[in-house]
Amino acid sequence: MAMACKSWLLRVIGWPLLLTLLASPFLLLQMGANGLVYRWYAPLWLLAALVGGQLLSIALQRLHVALSDTKLWRGNRLRRLSPMAKGWGQRLGGMALILLLLALPFLPGVGRYPIDLATSVLIYVLLGLGLTIVVGWAGLLDLGYVAFYALGAYGYALANQLWGLSFWWGLPFSALIAAVAALLVGLPVLRLRGDYLAIVTLGFAEMVRLVLINWQSVTGGPAGLGGIARPSLFGISFSNSPNAGQIAFHEWLGVEFSTLQRIVFLYLIILLLVGMVYGALRRLRRLPLGLAWEAVREDEVAAVSLGLNVTRLRLAAYMVGASLAGIAGCFFAARQGFISPESFTFNESVLVLAVVVLGGLGSQAGVVLAAMLLVLLPELLRDLADYRLLLFGAAIVWVMVKRPGGLIRQPRPDLLAAAQGRVGEEAS
Amino acid sequence: MLRMDNISVHYGAIAAVEQANLTLAAGQIVAVIGANGAGKSSLLMSLFNQPRPVEGTVWFEGVNLTRLPTHRIGRLGIACVPEGRRIFPRMSVLENLQMGAIHQPKTHWQQDLEQVTSLFPVLASRLGQMAGTLSGGEQQMVAIARALVARPRLLVLDEPSLGLAPIIVQQIFAALRQVNRQGISLLLVEQNAHLALQLADQAYVMQTGRMVMQGSADSLRQNPHVQQFYLGMA
Numbered sequence: 001m002a003m004a005c006k007s008w009l010l011r012v013i014g015w016p017l018l019l020t021l022l023a024s025p026f027l028l029l030q031m032g033a034n035g036l037v038y039r040w041y042a043p044l045w046l047l048a049a050l051v052g053g054q055l056l057s058i059a060l061q062r063l064h065v066a067l068s069d070t071k072l073w074r075g076n077r078l079r080r081l082s083p084m085a086k087g088w089g090q091r092l093g094g095m096a097l098i099l100l101l102l103a104l105p106f107l108p109g110v111g112r113y114p115i116d117l118a119t120s121v122l123i124y125v126l127l128g129l130g131l132t133i134v135v136g137w138a139g140l141l142d143l144g145y146v147a148f149y150a151l152g153a154y155g156y157a158l159a160n161q162l163w164g165l166s167f168w169w170g171l172p173f174s175a176l177i178a179a180v181a182a183l184l185v186g187l188p189v190l191r192l193r194g195d196y197l198a199i200v201t202l203g204f205a206e207m208v209r210l211v212l213i214n215w216q217s218v219t220g221g222p223a224g225l226g227g228i229a230r231p232s233l234f235g236i237s238f239s240n241s242p243n244a245g246q247i248a249f250h251e252w253l254g255v256e257f258s259t260l261q262r263i264v265f266l267y268l269i270i271l272l273l274v275g276m277v278y279g280a281l282r283r284l285r286r287l288p289l290g291l292a293w294e295a296v297r298e299d300e301v302a303a304v305s306l307g308l309n310v311t312r313l314r315l316a317a318y319m320v321g322a323s324l325a326g327i328a329g330c331f332f333a334a335r336q337g338f339i340s341p342e343s344f345t346f347n348e349s350v351l352v353l354a355v356v357v358l359g360g361l362g363s364q365a366g367v368v369l370a371a372m373l374l375v376l377l378p379e380l381l382r383d384l385a386d387y388r389l390l391l392f393g394a395a396i397v398w399v400m401v402k403r404p405g406g407l408i409r410q411p412r413p414d415l416l417a418a419a420q421g422r423v424g425e426e427a428s
Numbered sequence: 001m002l003r004m005d006n007i008s009v010h011y012g013a014i015a016a017v018e019q020a021n022l023t024l025a026a027g028q029i030v031a032v033i034g035a036n037g038a039g040k041s042s043l044l045m046s047l048f049n050q051p052r053p054v055e056g057t058v059w060f061e062g063v064n065l066t067r068l069p070t071h072r073i074g075r076l077g078i079a080c081v082p083e084g085r086r087i088f089p090r091m092s093v094l095e096n097l098q099m100g101a102i103h104q105p106k107t108h109w110q111q112d113l114e115q116v117t118s119l120f121p122v123l124a125s126r127l128g129q130m131a132g133t134l135s136g137g138e139q140q141m142v143a144i145a146r147a148l149v150a151r152p153r154l155l156v157l158d159e160p161s162l163g164l165a166p167i168i169v170q171q172i173f174a175a176l177r178q179v180n181r182q183g184i185s186l187l188l189v190e191q192n193a194h195l196a197l198q199l200a201d202q203a204y205v206m207q208t209g210r211m212v213m214q215g216s217a218d219s220l221r222q223n224p225h226v227q228q229f230y231l232g233m234a
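Read top to bottom, the protein sequences are chains A and B.
Take this note's numbering: the final residue in the first sequence is number 428, and no numbers are missing along the way.
Take this note's numbering: the final residue in the second sequence is number 234, and no numbers are missing along the way.
One or more hints might be untrue.
To be verified - Which chain A residues face chain B? A few, computed with CB under 10 Å, are given here:
no.	residue
1	Q261
2	A280
3	L284
4	P288
5	L291
6	E294
7	V304
8	V310
9	T311
Source of the hints: derived by calculation from the structure; they are not laboratory data.
Predicted, not measured: the structure shown is a model, and the values here were computed from it.
All C-beta atoms, glycine included, are put in the ideal place defined by N, C-alpha and C.
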């Protein structure tokens with residue numbers, strides 16, 4: 001009983017409080033006419049809205065359970081297990097969250113900085129989702145994930161400069177480049193077990209970075225590549241002075257030019273990308289391929305005796321993960337307009353790995369939460385200057401001590417169903 | 001159906017199996033008994049080329065298995081219940097079973113699932129549970145069920161009684177007999193000679209890597225040597 005009460009409190013107060021804290025840098029500061037304005041009341045509104053939403057969702061869930069035919073629920077377990085057991089409340093909550101994210105840039109009082117920050121978070125969510133396939137699902141320790149991120153970014157930047165490839169063609173192009181690289185590295189290496197793989201991937205990432213620095217004639221060396229084309233919307237450009245043949249967004253709409261328009265557009269692109277990948281992965285993990293990846297992670301010998309081609313499955317996981325990093329890299333290059341090897345250091349690999357581990361190995365929702373935490377926390381702690389990294393590290397350690405399985409333990413749809421169904425039966 | 005000719009398995013310089021022969025006719029239950037370290041498991045796993053035998057050939061329904069990669073052998077109609085069960089602990093029971101049927105068409109999945117859950121009724125109420133949280137006996141049942149949904153013609157079992165309570169072992173062996181009645185051949189490696197000889201039609205005795213005796217299970221049960229060393233009779 002005490003446990004139930006505690007989880008209820010966590011749901012109604014705990015999570016809203018955490019989310020509010022994470023979102024407060026977005027909300028507290030706003031650019032006013034006379035510089036930064038401090039709005040202490042803004043987070044309170046969010047908190048109230050979240051608590052209200054949670055209460056509503058709980059009420060709906062209770063109603064749903066009360067209304068649904070309990071006999072059906074307790075009777076045939078086979079039938080119950082097949083669909084994802086999900087209350088209206090959860091579904092409604094999910095929809096509300098999507099709407100909120102879509103509307104975020106248009107909410108009053110949300111300025112340039114929060115949208116920019118949210119875009120950064122979403123890039124790390126995308127990277128984290130890719131790495132979660134490799135590390136969380138397939139159980140391959142990749143310490144050089146940033147290599148594919150870099151290849152995606154440079155792939156698009158160079159293709160754009162050489163052949164005038166547009167951003168939208170750049171996305172599949174970068175994914176392909178990264179996947180081919182993963183194939184070439186993975187083919188000889190994925191026969192190895194964990195530790196060796198970690199070392200090889202680490203070395204590969206370093207190789208890629210050094211090539212980027214030293215191959216000056218192509219990559220521009222440490223000075224990087226600039227003037228990378230920004231994304232356009234069906235030929236509508238978001239720059240002040242578009243290229244020939246392109247229409248400028250502000251002229252098309254008849255409004256005044258603002259760089260904010262481009263920032264919002266970029267935010268919506270990455271939101272769309274992350275949303276699509278998130279949805280696709282959710283499906284994938286319930287499909288034979290997703291399950292087979294897990295089986296290989298759980299027990300290689302058993303998996304191979306069931307007729308699974310372990311090497312090919314690992315290669316597939318590695319390539320899918322890499323292509324997502326490639327996509328993230330392409331977006332990163334288009335967003336920045338300028339890239340240099342500095343953005344692709346070992347630190348980035350570690351940060352993405354931290355997102356995956358902290359989120360709870362294999363958990364998608366965990367990746368989102370951990371990316372928010374790991375990108376926003378340093379921003380929150382900006383005032384503390386020198387102590388920033390110290391506190392950042394301490395916060396990670398604290399989370400891992402309190403929740404050793406990660407922020408959100410890998411949610412198993414059918415396990416959840418079983419747990420919900422058991423409430424009535426095993427009250428003892 | 002299965003013929004192992006002159007099989008030798010080495011681990012580096014150590015010879016685990018030397019020139020062993022074994023045949024199994026369709027529909028039979030064949031048991032290999034022997035003490036710890038006699039080479040029974042090595043012989044069994046050499047079927048799957050884990051490791052590949054250094055000499056000899058394995059014929060299964062006219063196909064030479066020794067040349068195939070392991071994952072191909074699993075698709076030919078041989079399913080394996082490995083030693084120590086080797087279920088996927090952090091996947092649900094249902095998902096474990098789905099992995100067994102991964103190369104099967106979806107059309108008979110529901111039917112196969114119902115069949116294994118009627119063979120092991122306890123699994124029906126455990127489908128959503130994480131397999132690693134089951135008891136040892138239930139895990140063994142999952143391993144057998146996972147092999148059965150692959151619709152094998154030959155089921156290979158490595159020490160299915162290992163570490164289980166006698167009453168559970170009885171249940172499992174009863175289930176195996178039922179499986180055999182459905183026309184699936186069984187190849188069984190057991191230390192528990194008593195049980196194995198009760199179940200099997202044919203049996204082999206292994207000792208330090210060599211086949212030392214073979215014959216019908218009944219004749220071996222009467223054999224004074226077997227009685228003394230493997231059945232614990234004076």
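Going through the hints against the structure:
Look at Q261 of chain A: its Cβ only gets to about 47 Å from chain B, farther than 10 Å, so that hint breaks. The restraint placing A280 of chain A at the interface with chain B is violated, with a minimum CB-CB distance near 19 Å, outside the 10 Å limit. The closest approach between the C-beta of L284 of chain A and any C-beta of chain B is roughly 14 Å, which is over the 10 Å cut-off, so the hint fails. Restraint check, P288 of chain A versus chain B: the minimum CB separation of about 5 Å is within 10 Å; hint holds.
Given the 10 Å rule on beta carbons, the hint for L291 of chain A holds: about 6 Å separates it from the nearest Cβ of chain B. Given the 10 Å rule on beta carbons, the hint for E294 of chain A holds: about 6 Å separates it from the nearest Cβ of chain B. Against a cut-off of 10 Å between C-beta atoms, the interface hint on V304 of chain A holds, since the closest Cβ of chain B lies about 5 Å away. The restraint placing V310 of chain A at the interface with chain B holds, with a minimum CB-CB distance near 7 Å, inside the 10 Å limit.
A hinted interface residue such as T311 of chain A counts as satisfied when its beta carbon comes closer than 10 Å to some beta carbon of chain B; here the least separation is about 9 Å, so the hint holds.
The structure shown violates the earlier hints numbered 1, 2 and 3.
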